[in-house]
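Number of protein chains: 2
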Amino acid sequence: MIYTVQVKVMPLKDLLDPQGKAVMGGLKNLGITNVADVRIGKHIDLQVEAATKEEAVAIAEEATKKLLANAVMEYFEIEVKERLTS
Amino acid sequence: MIYTVQVKVMPLKDLLDPQGKAVMGGLKNLGITNVADVRIGKHIDLQVEAATKEEAVAIAEEATKKLLANAVMEYFEIEVKERLTS
Numbered sequence: 367m368i369y370t371v372q373v374k375v376m377p378l379k380d381l382l383d384p385q386g387k388a389v390m391g392g393l394k395n396l397g398i399t400n401v402a403d404v405r406i407g408k409h410i411d412l413q414v415e416a417a418t419k420e421e422a423v424a425i426a427e428e429a430t431k432k433l434l435a436n437a438v439m440e441y442f443e444i445e446v447k448e449r450l451t452s
Numbered sequence: 367m368i369y370t371v372q373v374k375v376m377p378l379k380d381l382l383d384p385q386g387k388a389v390m391g392g393l394k395n396l397g398i399t400n401v402a403d404v405r406i407g408k409h410i411d412l413q414v415e416a417a418t419k420e421e422a423v424a425i426a427e428e429a430t431k432k433l434l435a436n437a438v439m440e441y442f443e444i445e446v447k448e449r450l451t452s
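Protein sequence lines, in the order shown, are assigned to chains A and B.
Sequential numbering of the first sequence, starting at 367, is according to the working numbering.
Sequential numbering of the second sequence, starting at 367, is according to the working numbering.
Isolated chain A (complex conformation) (with noise of 0.2 Å):
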């Protein structure tokens, strides 16, 4: 069975985003000045081949832990979307 298992990595709320901060300065550029505040992260869909979705998150967050975030600077939220076919 294949699960498609979505990732979000977001920078840990302590820290500073600049990525963030420069769109936050684009967007009053551009005129839109009612966005308090901008953070931005990773979105990643893993197609994750698994007999059960309790497998397929544990895959995924192993994939998460090993390679997709740094822990130091990053925290990251697991959600299983659908199933799809086998």
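In case anyone wonders, no lab produced these hints; they're calculated from the structure.
Any given hint might turn out to be false.
Under the rule of at most 30 Å between Cα atoms (straight-line distance), these lysine-lysine pairs were calculated in the DSSO-like manner [to be verified]:
| hint | chain 1 | residue 1 | chain 2 | residue 2 |
| --- | --- | --- | --- | --- |
| 1 | B | Lys408 | A | Lys419 |
| 2 | B | Lys394 | A | Lys387 |
| 3 | B | Lys431 | A | Lys387 |
| 4 | B | Lys432 | A | Lys419 |
| 5 | B | Lys374 | A | Lys419 |
| 6 | A | Lys387 | B | Lys387 |
| 7 | B | Lys379 | B | Lys394 |
| 8 | B | Lys447 | A | Lys394 |
| 9 | B | Lys431 | A | Lys374 |
| 10 | A | Lys374 | B | Lys408 |
| 11 | B | Lys419 | A | Lys374 |
| 12 | A | Lys431 | B | Lys419 |
| 13 | A | Lys432 | B | Lys408 |
| 14 | B | Lys374 | B | Lys387 |
| 15 | B | Lys387 | A | Lys394 |
| 16 | B | Lys374 | B | Lys408 |
| 17 | A | Lys394 | B | Lys432 |
| 18 | A | Lys394 | B | Lys394 |
| 19 | B | Lys387 | A | Lys419 |
| 20 | A | Lys379 | B | Lys447 |
| 21 | B | Lys408 | A | Lys431 |
| 22 | A | Lys408 | B | Lys432 |
Note that the structure is a prediction, hence the values are computed from the model and not measured.
Since chain A is already given, all that's left is putting chain B on it; use the hints.
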């Protein structure tokens, strides 16, 4: 009222995603072989000041079309996640 709006910006499905391909190679080198495909995009959290949820979405959509996403190469999804206190 401040709304937290989440914007997901992903490479179009028909286009190659070199970053995703590189991560897939990295996962194989780490011994994680159950991942069939990886696609990587951006996740953006906006704090939007608006009177209604619909207005918040409209502002986020304008910001995304003007600055955050490149419609030639990317598609986006907008989701209002929660309502914070004013």
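Now the hints, each set against the structure:
no., hint, verdict
1, B/Lys408 to A/Lys419, "holds, 24 Å"
2, B/Lys394 to A/Lys387, "violated, 35 Å"
3, B/Lys431 to A/Lys387, "holds, 18 Å"
4, B/Lys432 to A/Lys419, "violated, 38 Å"
5, B/Lys374 to A/Lys419, "holds, 23 Å"
6, A/Lys387 to B/Lys387, "holds, 29 Å"
7, B/Lys379 to B/Lys394, "holds, 22 Å"
8, B/Lys447 to A/Lys394, "holds, 23 Å"
9, B/Lys431 to A/Lys374, "holds, 21 Å"
10, A/Lys374 to B/Lys408, "holds, 9 Å"
11, B/Lys419 to A/Lys374, "holds, 23 Å"
12, A/Lys431 to B/Lys419, "violated, 35 Å"
13, A/Lys432 to B/Lys408, "holds, 20 Å"
14, B/Lys374 to B/Lys387, "holds, 19 Å"
15, B/Lys387 to A/Lys394, "violated, 35 Å"
16, B/Lys374 to B/Lys408, "holds, 6 Å"
17, A/Lys394 to B/Lys432, "holds, 12 Å"
18, A/Lys394 to B/Lys394, "violated, 43 Å"
19, B/Lys387 to A/Lys419, "holds, 24 Å"
20, A/Lys379 to B/Lys447, "holds, 17 Å"
21, B/Lys408 to A/Lys431, "holds, 18 Å"
22, A/Lys408 to B/Lys432, "holds, 20 Å"
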